[in-house]
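**Q** Residues per chain, in single letters:
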Amino acid sequence: MGFRLSRPNGDTRPSRPRLRRTALAATVVALAAATAACTSASHAGITSGTNAKGTPQKGGTVTLAWQPGSAPNFIFPFVPAANTNGYNANLANLMWPTLTYVGDGAQATVNPQKSLWSAINYSDGDKTITLTLKPWKWSDGTPISARDLVFTYNLLKANVPNWNEYLPGLFPDNVSSVTATGPSTAVIQLTKSYNPSFYTGDVLSIINLLPQHAWDKTSATGKAGNYDQTTAGAKAVYAFLQKEGGDMSTFTTNPLWKVVDGPFELSAFTPSTGDYTYVPNPHYSGTPTDLSKVVNEQFTTSDAILDAVRAGNGPDTAPLSLSDIGQVRQLQSEGYSVASTPFPGVAGAYLNFWDTQDSAVSAVFNQLYIRQAMEDLINRPQIVSKVYDGYADPGNGPVPVTGFGQWVSPLEKKGGPYPYNPSAATKLLTAHGWKVVPNGTTSCAHPGTSASECGAGIKTGQKLAFQYLYSSGDPSTDAMEAAIQSSEEQAGITFNLKAEPFSTLAGSVAVCNKSSHPASGCGWQIVDFGYDPYDGPYPTGAGMFNTGGADNQGGYSNPTMDQLVNATEFGSGTATFYQYEDFAAEQLPLLYVPLPYNINVYKSNLGGYAPMNPFTGGINEQDWYYTK
Amino acid sequence: MTWYLVRRVAQSVAVVIGVMILTFILVHMVPGSAARAALGPRATSARIAIFNATYGLNEPLWRQFLSYVSGVLHGNLGTSYTLQQPVSTLISQRLPKDCLLLGLSTVLALAIGLPVGMYQAVRRARPSDHLLTGATFTLYSMPDFLLGLLLVALFSVQLRWLPPEVPQVSTIGALLADPRALVLPVVTLALVSVATFSRYMRSATIETLAQDYLRTARAKGLPQRLVLTRHALRNSVLPVVTILGLSLPGIVAGAVIAEDIFNYPGMGLLFYNAATSHDFPIMLGSTLVVGVATVVGNLAADIAYAVLDPRIRYVAR
Amino acid sequence: MSVLTPRRRARAKGKPARPTAGSATVGNGTAGSATTSNGTAGILQKGILRSPQARTGLLVVAAVAAFCFLGPLFYHTNQVRVNLNNASLPPGAGDPLGTDSEGHDILGRLMLGGQSSIELGLAVAVATTLIGTLYGAVAGMAGGIIDAVMMRVVDTLLAVPALILLLILVNVFTPNLPMIIVLLTFLSWLGTARLVRGEVLGLRTRDYVLAARAMGASPRWVLGRHLIRNAIGVIVVSATFTVSDAILTLSALSFLGLGLPPPSADWGTMLSSGLDYLFDGFWWTVYPPAIILIVTVLGFNLIGEGIRDWAGGDFAR
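Just so you know, the protein sequences line up as chains H, P and B, in that order.
Per numbering that gives the first Met the number 0, the first sequence starts with residue 0, numbered consecutively.
Per numbering that gives the first Met the number 0, the second sequence starts with residue 0, numbered consecutively.
Per numbering that gives the first Met the number 0, the third sequence starts with residue 0, numbered consecutively.
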């Protein structure tokens, strides 16, 4: 079983990750700002940033620009399964924090100050969790209590799978009971032993605490009661809360949503645009925020964002598209600072090993030497420096070389097993019986299964021409894919590029593996969705490279890989991890490509913003303050 | 005349039904799965099955169509798969903004185009006529995204006179409260269509000016100004109504490119996003609204023709 | 040449009797002359040569066509290989107009892009004209129920959103020039059909047509001999506007990301990619494609407008 943390689907967008406060894994890595600074980037210009100097001021309004497509549409923290909008979590989590809060400055660690528990203990062979909640209060004065936790658990237990972050086997399936042993103490009984840091960091960081005293009702006019204690009641309460949770016109007026325990409360929401405004929750029991208002503004395109920022009166912080990197100097002269952080994830072009329309293509992909040749032809360093101006991970393997500290193997640090080498690619192909036609299309001349022949399932004349799908809308991606297409031509490998809007792509490409390869979704050959995020600083390949993994888009399957991935899930040593990592880099279950960084601009006098954290993308509104 | 009207209305209803049937078939022909587009590429077959069952996507097309129609007749346009909101709510949130901006731009285009056209007619073949032709046609030949982006670059970023985006509010009142922010979008949309109106007005005015009875009137001492306003303008009213009628669907359909550039999610982007993500309810609801607007607009235009030229009515019988 | 001489309207010397109106309107049939100016040769003679606008337009289009089709014979560049080391270079030694973000020489790419754009425009115009003219003429001639049904079909197709069609095609096939030509033709013939039908409706009632029918001429003969020949002016004008609209539509599609994939070149894609780098000061990626696009579209528009305006008005509208 993979510890695949739930993620909103479709979050492998090329531009930005879902900025949910995703959890951290057990073996946490301190993301030293130093690591970020020691990038292999040719520009020393933009790093994760240093905090603004000056005296913190009280008050002020910050306007955040969100990247296109971030408009939330649901406010109740547990979103229905059919609603895959990952940005709803950004709306809800600042009002109803999750049990565990992740992110501390530039460190990707569990943050005990902002988490809801003051103590968390594992006992009984790590099968029992005793959790003590902090003496915090809800905004109506009622203290947060263990009863709230029981309520939350009861709702989920009765209603999964109708929760869009639900993964079978994880919460609440792996819990056998939750009991309140005191007003602030709860005991969670697990069904099996779990790694404590994993459970605290990964699982409890997606569970928001709900106010039982205010929300345990089945209708707007009814009184709150203990309906959650029966399954039927829990279903009724959940259905009611979800119904209310989707009514955008009442987000700011519904009394339900006024009971919060987080640093902010919602003061305005515009349904037609998805813009919303927070004001500080005056009853917040944690460290109050210094700002007086936070305005979240949605935009249709990144051009519109840049125009607004450049026009002067616009957002105080905004994402910067890589194609606008030339604007940095100008923006810095206009009073903005710029900070970058790597995206924690894997960027690559998936290969379909279970092509239902043309099984010959899959037979070709099954040959490691062909995958190697294709990777040899991708000039990743040139793409990093020319397309992304140095602000990209070179794609030496499954782990980004920046930001993952000790988990980056020496092989990856050296540049990975496949540096740019077109002649090696041609040699590999000719040695296996292919007729290489540079700038034409290479075809198989000697079919067969011996070492010098094309390989199993490949017939004479089989061409090395594939349809390469990728997500449209980003000029840097267009340039990168065009460069890849062009350099593959050197050995006669033809990538027929086809760009489609992301959702169109999502609609036609399914996960294809041995046990499930529906004809309607498995006609694709190569697809580049952007990137696959890691949920925590421990970049395990579980789910991505193991047989049948939920994120194993092309159905790559290799028993050695399965074994190595398994070993990394329970071990914490770097030796075991490097074994997996190097194998994944060498095996090329997908073609690794550079992954551009996340770059944000923010007003230079905005303190608490930098250094940027790769897992929160710098969006920690409660920590911000203006400086003089 | 009434008989003609009744016939045309009946035909319009038939057209709307035809549009809906055709669109229904087309949206289901777009390859790919609505479930996967809404749930993401990693959706498990279990979730896809639940999705398809919830939205009745496994039923035969004709049954899906009939249940959609019955929903519409009860005022229910369905729920968006991707935005999880009722389609009627989404449309009612976005339509006012679109109508305001596109309506204003049409009015502006008329306000510029009609006088320019008349002026050109009076000064026909003179340098000023050619100059104006050149100017209006150059604007007409520009792709609208180019015009919009250049205007933003000049007036918002360089000069900082005008905001680069439309006010991010919901109500018409609030929209109108910041007129500066409406200038660039309205001007962009208007400038590209000035030529349409000015050319039309120009030729209509030339035609009117050549009328025999006007020669007589002028011979009897009627000033040119009165000739223009009293006759040329009046003769153009109905044809202008015709053109307006034909622009109605455009106003309701929104302008994707302007919405993109000026940051207001309107009907255009709503449809575009829905179309790329197999969001059938939005596609159908949007098409219904535009279809109705189209037939209403066409009807108005045809009635104007009929009123203008009795022979058409006669011939069409 | 018909035996009967149509009634002439008295008109002021040197002024055309009835200049043309906007292409979307139905013509006001009047008794024009059925003289030698009705053939295509007549149009050319009267329209293009007499009109300074049409002459200018023709010159412009010819120059651009020469640039695009003959240019590459003398000026060789590689428009397929991506060369990131040469990306976004300003105009200089090897590249008179600089390079784009993939290292392609812009001057060479303009030539190639122009070939796609012009081929597309002309192909769409020819196909649209043929289909639309036939359909519209038949509808106009037939009248009655047949006309009503045919026009309602046109109305229906007009209301169906083009985007869906485009998405179906884009999903099933990789977009290429022939596919986009087919799509744009499918969208454009509707307007031409409407226009021609309106013309035919107006011309039907002319005396010479009535006379010919009275003398026993078959509808097909009347159609070919009289109606289409008399409507040819409108048709030609409409065709030239179709060319320019097709080129503009292609550029809008490229802006939305639905255009031709790399390494194909077209002005719209060049322009929208160039605009992404507008603020970086890479003016050579924006202004050259913008200018040549506008100039070409303008050229076609001027031809159409010139013919319409100056052909002597011997044909209605």
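Since the hints were derived computationally from the structure, they do not count as laboratory data.
Check before you lean on any hint, since a few could be wrong.
To be verified - Facing chain H, according to a computed beta carbon distance under 10 Å, are these residues of chain P, among others: (1) G31; (2) V168; (3) T275.
Claimed, not checked - Covered stretches of chain P (chain B as the covering partner; in silico rule of three or more C-beta atoms under 8 Å from a C-beta of chain B): (4) 104-114; (5) 136-144; (6) 180-186; (7) 243-257; (8) 280-293.
Treat the numbers as computed from the prediction; the structure is a model and nothing was measured.
Glycine included, every Cβ here is placed at the ideal spot set by N, Cα and C.
**Q** State for each hint whether it applies.
**A** Evaluated hints:
A distance limit of 10 Å between C-beta atoms decides the matter here; for P:G31 the minimum to chain H is near 3 Å, and the interface restraint holds. Here the hint on P:V168 is kept, as its CB sits about 7 Å from the closest CB of chain H, short of 10 Å. Restraint check, P:T275 versus chain H: the minimum CB separation of about 4 Å is within 10 Å; hint holds. Note: the region 104-114 of chain P has 0 residues with beta-carbon separation from chain B under 8 Å; the three-residue rule is not met and the coverage is violated.
Counting residues of the region 136-144 of chain P whose beta carbon lies closer than 8 Å to any beta carbon of chain B gives 8, which reaches the threshold of three, so the coverage claim holds. For a cut-off of 8 Å, the count of residues in the region 180-186 of chain P with a CB near a CB of chain B stands at 0, and the three-residue condition is violated. Counting residues of the region 243-257 of chain P whose CB lies closer than 8 Å to any CB of chain B gives 5, so the stated coverage by that chain holds, three being the minimum. Counting residues of the region 280-293 of chain P whose CB lies closer than 8 Å to any CB of chain B gives 6, so the stated coverage by that chain holds, three being the minimum.
In terms of the numbered hints stated before, the structure departs from hints 4, 6, listed from lowest to highest.
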